[in-house]
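Chemist: So the sequences go chain by chain: A, B, C and D.
Residue numbers 1 to 83, in our numbering, belong to the letters of the first sequence in order.
Residue numbers 1001 to 1083, in our numbering, belong to the letters of the second sequence in order.
Residue numbers 2001 to 2228, in our numbering, belong to the letters of the third sequence in order.
Residue numbers 3001 to 3754, in our numbering, belong to the letters of the fourth sequence in order.
To be clear, the hints were calculated from the coordinates, so they are not data collected in a lab.
Please read these numbers as outputs of a predicted model, since none were measured by experiment.
Among the hints, a few may not be true.
[To be verified] Chain B is nowhere near these chain C residues, computed Cβ spacing over 10 Å in every case: (1) D2039; (2) L2040; (3) G2055; (4) H2097; (5) D2107; (6) L2109; (7) R2114; (8) D2115; (9) S2122; (10) D2151; (11) P2207.
[Stated by the list, open to error] Derived BS3-like pairs (lysine-lysine); straight-line CA-CA distance at most 27 Å: (12) D:K3667 - C:K2038; (13) D:K3211 - D:K3350; (14) B:K1033 - A:K3; (15) A:K33 - B:K1033; (16) D:K3667 - D:K3437; (17) D:K3066 - D:K3029; (18) D:K3066 - D:K3276; (19) A:K33 - B:K1003; (20) D:K3211 - D:K3276.
We put the CB at the ideal spot given by N, CA and C, even for glycine.
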Amino acid sequence: MLKPEILDPQGQAVQRALPRLGFDGVADVRQGKRFELELADPLDEAAIERVREMARTFLANTVIEDFTVRVEEPVHVRPEERL
Amino acid sequence: MLKPEILDPQGQAVQRALPRLGFDGVADVRQGKRFELELADPLDEAAIERVREMARTFLANTVIEDFTVRVEEPVHVRPEERL
Amino acid sequence: MTTRVGVVTFPGSLDDGDARRAVKLAGAEPVALWHGDKDLHQVDAVILPGGFSYGDYLRCGAIARFSPVMETIIEGARAGLPVLGICNGFQVLCESHLLPGALTRNDHLHFICRDQRLRVESTATAWTRAFADGQEITVPLKNGEGGYVADERTLDELEAEGRVVFRYLDANPNGSRRDIAGITNPQGNVVGLMPHPEHAVESLTGPGTDGLGFFTSVVGVVGELVAR
Amino acid sequence: MSAHARVDTVKHAEVTPEAPQPWAELGLKEDEYARIREILGRRPTGAELAMYSVMWSEHCSYKSSKVHLAQFGEKAPATDALLVGIGENAGVVDIGQGYAVTFKVESHNHPSYIEPYQGAATGIGGIVRDILAMGARPVAVMDPLRFGAADHPDTRRVLPGVVAGIGGYGNCLGLPNIGGEVVFDPCYQGNPLVNALCVGVMRHEDIHLAKASGTGNRVILYGARTGGDGIGGVSVLASETFDDAGKPAKRPAVQVGDPFQEKLLIECTLEIFAEKLVAGIQDLGGAGLSCATSELASAGSGGMRIDLDAVPLRDSSLSPEEILMSESQERMCAVVAPENVERFLAVCAKWDVIATVIGAVTDGDRLEIHWRGEQIVDVPPRTVAHEGPVYRRPFARPAWQDALQADDPAGLPRPADGDELRDHVLAVASSPNQASKSWITDQYDRYVLGNTVLSQPEDSGMIRVDATTNLGVAIATDGNGRYAKLDPYTGAQLALAESYRNVAATGARPLAVTDCLNFGSPEDPAVMWQFAEATRGLADACQVLGTPVTGGNVSLYNQTGDAAIHPTPVVGVLGVIDDVTRRTPMAFATEGQLLHLLGDTADELGGSAWAQVVHGHLGGLPPRVDLERERLLAEILLAASRDGMIDAAHDLSDGGLVQAVVESCLKGGHGARLVVPDGLTPFTFLFSESAGRALVAVPRSEEVRFTDMCAARGLPTARVGVVTGEAVEVQGQFTLGLGELRAAVDATLPALFG
Ligand SMILES: Nc1ncnc2c1ncn2[C@@H]1O[C@H](COP(=O)(O)OP(=O)(O)O)[C@@H](O)[C@H]1O
Ligand SMILES: [Mg+2]
């Protein structure tokens, strides 16, 4: 995600469009990227640290972006059904 | 996220680049979008349903994309510190 | 001795041929450099051309930064080698941290191609010596992610040190902070800008020949800069 | 059809003749299925059925249009400019100095309605591979587009997506966009037209053809991995309807393009050509491997054996049928002599392009495909690729045609005075069809490659081919569905005439034609009549103008429910110019230039922009066509450009003379004072859309020489004004300031889509 202090034109465009589509009450929208990585090896702390390193040096541009690393189970249900 | 059966050139480009950067063991990468919406009103089931509707009709292009709606607390710690 | 100017081709580079043509028209010798080859082949200066290196898929310039040729270029730039990054090249320079800040999605969210008026704010760089201070020039602009951003402190610093090299005139085309179109490093050897001077070197195929000055600037002064 | 099911082998098919097969779901008619059984002497295997169904679809086999398209060959004018004619991936035209140019326009209409961005993007990708497969370096693209009503909500969905897709793909490939069209009409509401044109340049000796010959030569598939995209896209999507019927589950009908992969494919392929490593080459487009293998084998001398297990997959669950039908983008297929294989693979590796030997040319005459050690296809390739069914579909002039033609625009109220005339001029100039298209074209890179001499909004796009000699080519595309609806024969001729005139207006000599014929359902006799008339009109006109059709595309079933689109033949004309520095621009750039109207103006307003904008009217007859006059006009425009007699030229088409004046004034930043010539009413003078006309700006010093030349050759000219001031002024009628005009013309599209 872009850092809060960086202008996010994409999020703003979405937010501006929402009322026109009949969606009210959205105070703020920010748009960022999401990467899903599937690791070949078992997920130990060292592996997670490597992913964090990957995010810091490559997947995110920390000059303007923040990131969060999250561990998830590979789910193969249709995502709409999750929440 | 792009549906699993849809080509994801962005994820593939990232995956191809990783070994060159010394990151091995990543079996698959997919890249998608992430939207953070802040709602003005309290978050009841109706509000979540509205967000899901928004995702279905507007935020995601369901011809080629799946989506997941998740409720999160607005966190204002530096995201790197979360996991 | 003719000045040898290297032009890097990354997979996905598009304006590399145009940059070589511009170098030639300026009286220097263009040398094609390949992204996978660390050797700079004794060039006196390097251009990182426009395009969509590696598809620009992750972020513009993000993957190119890690290519073998960039290792040598980053080293060289730190030692005074003149490097010009045009559009995608500018993005690569920011991703490599040779220049501060970053380039983000245009505020109107569209790719834009147009003839852009610029003011040359600094002639104290390897790539702008041929211009007059404050000179107004027109060169094509074409990009989807050309909005220059940096934190306030960095922006103030750039202004204070005279490192804003070009500013957009007329309407700001992409939401760049402080109308910044191009910047330089403190030494003045590394310059990056979003507009494309290599498309303004022949009036037949561009809006004029204002872009030639970039390429003539580097001819002849190269030895002097490296020595500095 | 799952991978785990028992594979339907040739052997199995032989012993289970009565096994039921889903031929109908695959779009085959009963007699077509019977014919396949007859050809094979048994029932087809699942894989064979997949191949036949997709290759015999309307989109691939041209079964409804073939009998009509034959005229393009039969009536082709004698020319020595044509190096490769109809039938290959694209025609090739000799432009002199050892250079050849190949160009072609194709449609991606239906996919672009479903998923505008990816549909349009992959449309560009597909046509670029066609040009590449001829051995040429692609050098520019163009995009003739048609959308529903400009203010319809769905147009807001479709247009921005299509434009972003064309830009996203073309810009990333590094191909300048040098022109196109944008037309709005409610008839395209549920069925936009997204046509894409690509032009490529090569040396004569570099021409490559799609054929597999030389026993033992290897078949190499290279580019992207094969995934489950677009399966059934060709037969179901492109030919029949929009509903989901018959599409295998979870196989997306939408393909996602990867322009970066295509850029690598281009550079890699050009390097392979330069090293002379291929004996034959074919792009993978509609019908994927089914098409590439059967066409290569059919055009070659021997047979072909393919090992389907070797195909690199993105999705390991694909069945052999699906692999054969997949339309995954950014793939090519090459036939390579064994001694060149290693080098071929090395070039691919350099560009990070996956390349795999998947088979070989055999000395037999069959196309044989194997999967997991068993034979699943054994067919005569010609019967798949080139001997599909041919229909003579019934056609009949629709009953409503007479009433439509009788509804003459002469009855429409015309402006009563100068003020009203001024209002109409402003209304037409700022209407979506006539307004500035910058909001769209500014999203396209027109500079990349550094050879763009002219691009939008000029009459044609122009590319420098050789920087030393200044040899160049110009291309324009045109098509007016309103004219064609009123009279398809004339409408098709007008499309050609306008495109031809546009090329000549920029100073290039028209040489050859490509066309994309966008029509409704061929099963409707009225539509078939429109198609028959339009092809006949185009073929006749090409004969007179001496410009052969070199290739193109037919897109049928463009309709929403029972309502067909206007018949929309889009015609692209390619011209050559010996010295691009002598090009004629459209801008009125210098005060004092004299404006001459070339050609005759009659009261012709059927199908006109004025009738549409002011009265929402479509009726009467389109403007008359005089092809000899078009030829003469082109000759005059060329001579005047060559000899430096004119500074600017602009062809007259939609919106008539005043629209041309407005465009040239806005482009040049100067106004014009016009005088209505004797014998014409101000209204007819300004708005008539008579064909065969152009407006030129002549420097005073050249006027006599110019008018003498026209008189000597028999082309009527009239001095109608002068470039001056800051307004478009029609003497005695009205004055319209350039500022007001520009504001109105520039505001329309941003207000709708920005
Ligand atoms: N979709 C498009 N892409 C690129 N250029 C376009 C497009 N639509 C229109 N243009 C350009 O805008 C100009 C005006 O278009 P048009 O009015 O159709 O021209 P004409 O009437 O001379 O055929 C031409 O240069 C044309 O190539
Ligand atoms: Mg025109």
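Chemist: All hints are to be evaluated individually against the structure, with a verdict given for each.
Modeler: Checked hints:
1. D2039: Nearest chain B Cβ is 18 Å from C:D2039, so the label holds.
2. L2040: holds (20 Å)
3. G2055: violated (5 Å)
4. H2097: For C:H2097, whose nearest Cβ neighbour in chain B is about 15 Å away, the distance exceeds 10 Å, so it holds.
5. D2107: C:D2107 is indeed farther than 10 Å from all Cβ atoms of chain B, at 18 Å.
6. L2109: At roughly 13 Å from the nearest Cβ of chain B, C:L2109 sits farther out than 10 Å, so the non-interface label holds.
7. R2114: Given that every Cβ of chain B is farther than 10 Å from that of C:R2114, nearest at about 27 Å, it holds.
8. D2115: holds (31 Å)
9. S2122: holds (35 Å)
10. D2151: holds (15 Å)
11. P2207: The claim stands: C:P2207 keeps its Cβ more than 10 Å from every Cβ of chain B (closest is about 33 Å).
12. D:K3667 - C:K2038: violated (48 Å)
13. D:K3211 - D:K3350: Within the cut-off at roughly 26 Å; holds.
14. B:K1033 - A:K3: Distance ~16 Å between B:K1033 and A:K3 Cα, so the pair holds.
15. A:K33 - B:K1033: Status holds; Cα separation ~4 Å.
16. D:K3667 - D:K3437: Cα-Cα ~13 Å, so holds.
17. D:K3066 - D:K3029: With a Cα-Cα distance of about 18 Å, the restraint between D:K3066 and D:K3029 holds, given a limit of 27 Å.
18. D:K3066 - D:K3276: violated (34 Å)
19. A:K33 - B:K1003: holds (16 Å)
20. D:K3211 - D:K3276: Given pair D:K3211, D:K3276 holds - Cα atoms ~15 Å apart, limit 27 Å.
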